[in-house]
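Asks: Letter by letter, the chains look like this.
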Amino acid sequence: MNLLKLSTAYLKKNLLSTILNVLLLSFGIATIVILVLFSYQLEENLYKNAEGIDVVVGAKGSPIQLILSGIYHIDNPTGNIDLGEAKQLMRHPMVASAIPLALGDNYRGYRIVGTTTAYLEKYRAEPASGSLWDFEFEIVLGSDVAEQTNLAIGDRIVSSHGFSEAGHVHDDHELTVVGILHPTGTVLDRLILTGVETMWGIHQPHDHDHEDEYHSDQAHDDEHVHTHNHADGDSHSHSHDNHQQDGHFHENGHSHDHAGHHHTHGRAITDETFLDEGYDDEQITALLIRYSNPLAAAQFPRFVNDRTSMQAAAPAVEVTRLLSLLGVGLEAIRLFAFVLIFASVLGIFIALLNSMKERKYDLAIMRTLGGSRWKLFSHVVLEGVMISVAGGVLGLLMGHGAMEGIGRLFSEAQQFAVTGFVYVPGEELILLLAAAVGVLSSLIPAVMAYRTEIAETLSKS
Amino acid sequence: MIELRSAFHEYNAGTVVKLPDLTAGHGEELLILGLSGSGKTTLLHVLAGLLKPTGGSYRLDGTDLYSLGESERDRFRGNNIGLIFQAMHLIRSLTVLDNLKLAQYMAGRKQDEAKIRRLCSDLDIGPKLYSYPDELSHGQKQRVSIARAVVNDPVLLLADEPTSSLDDLRSGDVLNLLRKQAAETGATLIISTHDQRVKAHIPTVLTLDQPEGEVAG
Ligand SMILES: Nc1ncnc2c1ncn2[C@@H]1O[C@H](COP(=O)(O)OP(=O)(O)OP(=O)(O)O)[C@@H](O)[C@H]1O
Ligand SMILES: [Mg+2]
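First to last, the protein sequences are chains G and Y.
Note that the numbering used here has the first sequence beginning at -3, numbered continuously upward.
Note that the numbering used here has the second sequence beginning at 324, numbered continuously upward.
Since the hints were made in silico from the structure, they are not lab data.
Errors might be hidden in some of the hints.
Unchecked claim - Computed list of lysine-lysine pairs in BS3-like fashion (alpha-carbon distance at most 30 Å, straight line): (1) Y/K464 x G/K456; (2) G/K371 x Y/K433; (3) G/K8 x G/K356; (4) G/K9 x Y/K433.
Pulled out of the complex, with its shape left as it was, chain G reads as follows (with noise of 0.2 Å):
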């Protein structure tokens, strides 16, 4: 016998409330553990696919859209710059890189990026296997996309237009997966990569027209990549003949023959080249930008919207603009969980309190048999904690459980991944939250038992 099993025995007298109380409290666990995770996962997510990058350039509009659409590629882009525009900014001697990226494609809901391998060494992506694309309609898989649509290397898909699986298909221009990357914990994981020129590539036009299809399609404007004619536009090879500066380009061409067409895949811009190869009158979408200076944080976005036709936003500030936006709702959602658990300590002490009336002769005895004053205080704190306490670990079961399952639930159709497998550092200390709980709940039912006037109870009987 001790303190622990005598309190047990009375918690299990009282199974349903017990059980009742334990549920209680786990319920407003959970969800401040869901909370915790999210936020958690949330910030780290939005931090780490922005690391590295100062600033965004892109077509002008909202800024927040900016980002989303060009480090989390979750909204729609804010448009197209030209390319000739975006080298300038490249050249800015504030700028120690940049990434260029072409969006407007999609395979399956996922979205392809035409850039650069800067992309991916920023990302600190390797392929696991195959390798990086070489020529020009070569793709890459995140590893997510991969895994998902079970495609392997050297399967070949066409893409479709937009950012949903509805949009137009571009069955003409076949994509060949050549590498598939290892998991990367980001953003990248999500996407299917190729270089910028692929994406210039698949939306030249063809012989047959769908000029009508863009025109009717508002966003398309927005998303086209490529949206003015070549004038070797019949053919489905990339000799830029007109950009080409030098003479390399083009000796690298490459031919090879799939799906009874006949491409002449020109080989890929390699980002050493990027800015050397022409290209200028084609269009991008964003660039990511790194600063080579601290100070320019200050200036470059001022000049790039003041003198360009081109909008900067620093993924920083719009991260933090994001969150606060975020944190209203999320604030609401700790309310709810508070009240959830001050509902558990009510619970609690009502429970203990009823309990309190029927053990005044079980306390009394107790004291008879020597058990001292503080020996009874403590049997009844105990008793709440050990609910309070039993809630908490089970809220925070269910917490893990409930954001494993809202992760699984919505796996294919969000950009961050969340899981319930995550440790956010100091989580367990939400148990102290619990026992504080256990101990509020008990106070007024402990002294209660404490202030027991053992002869008074007893002469009562």
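Could you slot chain Y with the ligands onto chain G? The hints should help.
Replies: The following block gives chain Y with the ligands in isolation, referenced to the frame of chain G:
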């Protein structure tokens, strides 16, 4: 050896209960008879260290119980005094075994299951160790409450109206059990009752006076 001298207790309500002078040695048996309201329960509570008398002196084996601190007094009581009540007040959420272990635990003693088993088979409740009080007959409950009172080998065994609700036969049983258990540990046995039948078992009788006129506080 217990000694109570010129003690009285004044309840908050202003009722003063005068307690008789009383001396009893180890192994002695004492019956306290009195009508309802004559102060039997008050006397036993004072003897048990549960109720500090307003005046007078009380010593148990030389210890002035009421000069001890409260926790010390609780512990002293748990180790030296066994109490039996008419309503047995067993703890319903604990088994018989755990009720008895609780007595050892609360007194701060070693929990000795072997001793409990011996005691219970002495009292014919051996097979009921794992039963809950609600699963016992009245007589069995009474035996458990006796076992609980003697499990810590008290020097003083106090029983308040142990027989009032029992028939002649059963009341004789309970008295015999109490006397036997008290004799085994050499405890002083004090039984208070208004049940005249008890006189046949315990010859030493202290009769309490009719309640005195109430004094306004
Ligand atoms: N808690 C109390 N507050 C005020 N007065 C009390 C209290 N307990 C007992 N008394 C009074 O003290 C006197 C003695 O009461 P006590 O309970 O000792 O009598 P008793 O002999 O045990 O009676 P019974 O045979 O009915 O149990 C009575 O007049 C009673 O009214
Ligand atoms: Mg009485």
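Asks: Determine for every hint whether it applies to the structure shown.
Replies: Hint check results:
1. Restraint check: the Cα-Cα separation between Y/K464 and G/K456 comes to about 20 Å, which is no more than 30 Å; the hinted pair holds.
2. Taking the CA atoms of G/K371 and Y/K433, the gap is near 17 Å; set against the 30 Å cutoff, the hint holds.
3. Taking the CA atoms of G/K8 and G/K356, the gap is about 18 Å. The hint holds against a cut of 30 Å.
4. Straight-line distance between C-alpha atoms of G/K9 and Y/K433 comes to about 26 Å, which keeps the hinted pair within the 30 Å bound.
In summary, the structure agrees with every hint in the numbered list given earlier.
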